[in-house]
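Throw the hints in and build the complete structure from the sequences for me.
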Amino acid sequence: MYQSNNVYFICSFAAIGGGLFGFDISSMSGVLGTQAYKRYFGNPTSYRQGGITCAMPFGSLVGALCSSFIADRYSRRTSIQIASIFWIVGSIIQCASVNIGMLVVGRVIAGICVGIASSICPVYQAEIAPKEIRGRVVSLQQWAITWGILIQYFIQYGSSWVGGGPDNPSQPTSAFRIPWGVQIVPAVLLFFGMFFLPRSPRWLASKDRWEEAIQVMANLHGGGDVNHPKVLAEYQEIEEALRFEREEAINSYRQLVEPRMLKRVLLGMSIQMWSQLCGMNVMMYYVVYIMEGANIASPLLTASIQYILNVLLTLPAIIYLDRFGRRPAMLIGSFLMMTYLFVVGALQASYGVPNVGSLKNPTNSDISWIVHDNKPVSKAIVAMTYLFVCTFATTWGPTSWTYPSEIFPTKIRAKAVSLATAANWFWNCVLAFAVPPLLWNINWKMSFIHMFLTAPETKGKTLEEMDDVFDSGLPAWKAVPKGSKLDQLQKDIEAGNIKIQHPIGGVPTMSEKTPVTTEETAAT
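Position 175, counted from 1, in the sequence shown is what the working numbering calls 298; the numbers after and before it change by one each time, with no gaps.
Some hints here could point you the wrong way.
[What the hints assert, rightly or not] Straight-line C-alpha distance at most 27 Å; calculated BS3-like pairs for lysine-lysine:
#	residue 1	residue 2
1	Lys386	Lys605
2	Lys622	Lys608
3	Lys622	Lys601
4	Lys330	Lys622
5	Lys502	Lys330
6	Lys601	Lys386
7	Lys386	Lys622
Hints are computed from structural coordinates only; laboratory data are not their basis.
Below, the structure written as structure tokens:
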């Protein structure tokens, strides 16, 4: 069967799994303001709406915790396909929902897909990509999320005008059934399309399927030549890392809590936690409420601008993350987001009033605080919201997926990333449930301090060199020496200083250091 060898295409297509995450985020925000949704499901607010919304992140939490078992046993590629099946089933149930219970069940099942995909897609991308563009292609995960949010939101915005518009008391249920049905399409494409993408070479190597692993590396990084210096260098680096892990003979679950690895596990979980506690997904889920509270223009239309900005401002990170670095992105992003949220909070506190009496009407009855008849303040709140989204899209959005997917060794990578992603979904679930009754009140400056003290720079290093980065003994704010051992190894191979033979079958023998002959290669 034909398989694509273009790294950008492979990682872009796999990022459709991230797109499903985006569809999830936007699957509620576009229907919250429609009369069809409010009437059919009994105008759910506060804890009831929080329960409906958090059903998906709860399922995602379960999916994230299960993802490592599926990915390690059946491969990264197969786990993504299994995830897409969950999404299709969950979407069908949501589309056919006749009550809140059925809607919640559908969202939990679809959430299992999102949990698996959001854990394994970045792992798959990181294991496929060369170090020079790893940040860029894993950032495609975040870009796909933003596209999923935008596409689903506009599908919902268009569907909201079915039957006389979102304010029509007799609006038909197709206003929310259409978007919940259309979201099946990307999952079908993902399921069948993954057959045409290669398996992760590092997963193949971990299963001692070296011939397949080397051929995949050759197709991806050596133009099909298994004797290309870069392929040989990458092979030796992966083999030595796996051999070292096996010599330690430590159970992969036990390795997660060993002191030298526990620090990384907690760091990965913290980054995903802060990506939620910074407030971005709250903005995505409940942006309609924020805009209603600002009392400016059409909440649905004003919120749509936020989604467009989210897509556009992710592009700079895709282009420059491998140059700019992960650490500066997180530190600068934390500081700016903190500033914008403090301004929004101050404006709401100073100029907002309780939404009671004559201020309350059928279109804003789901909020309790509103800025009334003060357009400059309303515009300032919307502007700060937009700046917040732009900052997240350029900094924390892509970095929160890239960093955890690259800092763990092969043996525990899927398990550690699943724990990090589970932290994301735990806090996603908590916020989705708690925000409607509580809105948001979080100490935003903590993520800046935490990342400054604990997150070293990882750009330009291979996945196998992360042990050197984290075990160097240097504090996080001091950079490890630039350059990569892989580059030097490749140069030595090209110069003939080192000769490496990779296996024709079975487990490699690293004592043999002669190049594979053309005849041997042809025999494969």
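Outcome of the hint check:
1. Proximity of Lys386 to Lys605 is assessed by CA-CA distance (about 23 Å); at most 27 Å being required, the pair is judged to hold.
2. About 16 Å separates the Cα atoms of Lys622 and Lys608, which keeps this hinted pair within 27 Å; it holds.
3. A hinted pair counts as satisfied when its Cα atoms are at most 27 Å apart, and Lys622 with Lys601 does not qualify at roughly 35 Å.
4. As the CA atoms of Lys330 and Lys622 are separated by approximately 25 Å, the hinted pair is consistent with the 27 Å bound.
5. A threshold of 27 Å between alpha carbons decides the hint, and for Lys502 with Lys330 the separation of about 57 Å lies outside it, so the pair is violated.
6. About 17 Å separates the Cα atoms of Lys601 and Lys386, which keeps this hinted pair within 27 Å; it holds.
7. Under the criterion of a C-alpha separation no larger than 27 Å, the hint pairing Lys386 with Lys622 is inconsistent with the structure, at around 37 Å.
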